[in-house]
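Participant: In order, the protein sequences belong to chains A and S.
Quick note on the numbering used here: the first sequence kicks off at 130 and runs consecutively.
Quick note on the numbering used here: the second sequence kicks off at 130 and runs consecutively.
Quick caveat, the hints were computed from the structure, so don't treat them as lab data.
All C-beta atoms in this analysis are idealised placements derived from N, C-alpha and C, irrespective of residue type, glycine included.
Be aware that one or more of the hints could be misleading.
Said to hold, decoys possible - No farther apart than 25 Å at their CA atoms in a straight line, the calculated lysine-lysine pairs in the DSS-like style are these:
1) Lys-222(S) - Lys-183(S)
2) Lys-260(A) - Lys-210(S)
3) Lys-250(S) - Lys-268(S)
4) Lys-260(A) - Lys-205(S)
5) Lys-268(A) - Lys-205(S)
6) Lys-260(S) - Lys-210(A)
7) Lys-222(S) - Lys-210(S)
8) Lys-276(A) - Lys-268(S)
9) Lys-183(S) - Lys-260(A)
10) Lys-205(A) - Lys-268(A)
11) Lys-276(A) - Lys-183(A)
12) Lys-276(S) - Lys-250(S)
13) Lys-268(A) - Lys-183(S)
14) Lys-210(A) - Lys-174(A)
15) Lys-179(S) - Lys-210(S)
16) Lys-260(S) - Lys-205(A)
Stated by the list, open to error - Taking beta-carbon pairs under 7 Å as the criterion, some of the chain S residues facing chain A (in silico):
17) Gln-191
18) Leu-223
19) Val-257
Unchecked claim - Quick list of simulated restraints, FRET-style, between CB atoms:
20) Asp-272(S) - Ile-162(A): 22 to 28 Å
21) Lys-179(S) - Lys-174(A): 43 to 49 Å
22) Lys-179(S) - Lys-255(A): 28 to 34 Å
23) Phe-221(S) - Lys-255(A): 19 to 25 Å
Protein chains: 2
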Amino acid sequence: MTSSQKIIGATVFLLVSTSAALAQTDTKNLGAIRALRTADAAWLKTYEAKDVDKAVAFCDEQGSLLWPNAPRATGKSAIAKATADAFAIPGFKLEWRPDQIAVARSGELGYTSGTYIWSYKDSSGKPVSDKGKYLTVWKKQADGSWKVLFDMFNTDLPPS
Amino acid sequence: MTSSQKIIGATVFLLVSTSAALAQTDTKNLGAIRALRTADAAWLKTYEAKDVDKAVAFCDEQGSLLWPNAPRATGKSAIAKATADAFAIPGFKLEWRPDQIAVARSGELGYTSGTYIWSYKDSSGKPVSDKGKYLTVWKKQADGSWKVLFDMFNTDLPPS
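In isolation and in its complexed conformation, chain A is listed as follows (with noise of 0.2 Å):
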């Protein structure tokens, strides 16, 4: 093997390295999209169990909830505040369905939308009912796990 075919051969071999890495992106990507759909689910299920601690688990440091209403809640303490309030709130139920997830091909970025179904009880007692849309990005951390960096959500119902 003379010299010229030893570079060669460096340069294939890293070049090839190169186009492993690209499709174990893609691949990683599809990993992030699983995982984006699960940190989703999970975090329905802190809403389900009225748990405040870890529902804000669920938040970025530097998250932020934007809820109709009120004005932005950023970082944990307003969004503990804010979705103890929630819980609060008589008869408080929420469901949502993502029905679209994408992460960015780096993988650090990516969101969650779908619809919700909300009920409650107002000041007299009376049930009432919303339903509407929302989007989640989220942010990935340094340990892997998926973190709400922006929560949003609003009614498809006529103003009442």
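Could you slot chain S onto chain A? The hints should help.
Facilitator: The following block gives chain S in isolation, referenced to the frame of chain A:
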């Protein structure tokens, strides 16, 4: 130069090229954030001009407007109708300003988020003003332009 030195030389060259490529990605990312800021501002201009066609042209073919009090509007035709309906509201005037912009390392997915002020006249001609927050997810197109994948907003004000 021995064969080994040449191989090491070639390897170092390729590693340096890779580092340069990574550094370039960061620079590209800053460029992408600037591009997203420009796209967000240019989209607002089409709202100020109430130009439906130009406003819709900022949306991805699979884009969705997730606006309050209406189901999700997905695709150019539904987006055009929702946009035309908004522009037709008497006295419609909308301003928004992003205060958070980020792009994934891979450079094809990003978001802008910030605040809006919206004013219009109600059915009796009385001026109404609303303020709130928005979240727009953008996707880079094959031609390098950024288009809206999701646009969502809701009010900061208490329920009326």
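Participant: Give a verdict on every hint.
Facilitator: Status of each hint after checking the structure:
Restraint check for Lys-222(S) and Lys-183(S): the C-alpha separation of about 17 Å stays at or below 25 Å, so the hint holds. Of the pairs offered as hints, the one joining Lys-260(A) and Lys-210(S) holds, with about 22 Å between alpha carbons and a cut-off of 25 Å not exceeded. Between Lys-250(S) and Lys-268(S) the CA atoms are separated by roughly 34 Å; this puts the pair beyond 25 Å, and the hint is violated. For the given pair, Lys-260(A) sits about 24 Å from Lys-205(S) by alpha-carbon distance, which is consistent with the 25 Å threshold.
With a C-alpha separation of about 29 Å, the suggested pairing of Lys-268(A) with Lys-205(S) is violated against the 25 Å cut-off. The straight-line distance between the Cα atoms of Lys-260(S) and Lys-210(A) is roughly 22 Å, inside the 25 Å bound, and the hint therefore holds. Of the pairs offered as hints, the one joining Lys-222(S) and Lys-210(S) holds, with about 18 Å between alpha carbons and a cut-off of 25 Å not exceeded. Between Lys-276(A) and Lys-268(S), the direct Cα distance comes to roughly 21 Å. Compliance with the 25 Å bound is thereby established for this hinted pair.
With a C-alpha separation of about 31 Å, the suggested pair Lys-183(S) and Lys-260(A) falls outside the 25 Å cut-off, and the hint is violated. Note on Lys-205(A) and Lys-268(A): the hinted pairing holds, with a Cα-Cα distance of about 15 Å set against a maximum of 25 Å. For the suggested pair Lys-276(A) and Lys-183(A), the alpha carbons sit about 12 Å apart, so the restraint of at most 25 Å is met. Our distance criterion of 25 Å between C-alpha atoms is broken by Lys-276(S) and Lys-250(S), whose separation comes to about 30 Å.
For the proposed pair Lys-268(A) and Lys-183(S), the alpha carbon gap of about 32 Å is over 25 Å, so the pair is violated. This hinted pair checks out: Lys-210(A) and Lys-174(A) have alpha carbons roughly 19 Å apart, not beyond 25 Å. Restraint check: the Cα-Cα separation between Lys-179(S) and Lys-210(S) comes to about 13 Å, which is no more than 25 Å; the hinted pair holds. For the proposed pair Lys-260(S) and Lys-205(A), the alpha carbon gap of about 24 Å is at most 25 Å, so the pair holds.
At its closest, the beta carbon of Gln-191(S) sits 9 Å from a beta carbon of chain A; the interface hint therefore is violated under the 7 Å criterion. Given the 7 Å rule on beta carbons, the hint for Leu-223(S) is violated: about 16 Å separates it from the nearest Cβ of chain A. The beta carbon of Val-257(S) comes no nearer than 11 Å to any beta carbon in chain A, farther than 7 Å, and the hint placing it at the interface is violated. As the Cβ distance of Asp-272(S) to Ile-162(A) is approximately 26 Å, the hint placing it in 22 to 28 Å holds.
The given range of 43 to 49 Å is respected by Lys-179(S) and Lys-174(A), whose C-beta atoms sit roughly 45 Å from each other. Restraint check, Lys-179(S) to Lys-255(A): a C-beta distance of roughly 40 Å breaks the suggested window 28 to 34 Å. Restraint check, Phe-221(S) to Lys-255(A): a C-beta distance of roughly 34 Å breaks the suggested window 19 to 25 Å.
Hints 3, 5, 9, 12, 13, 17, 18, 19, 22 and 23 from the list above are not met by this structure, while the remaining hints are.
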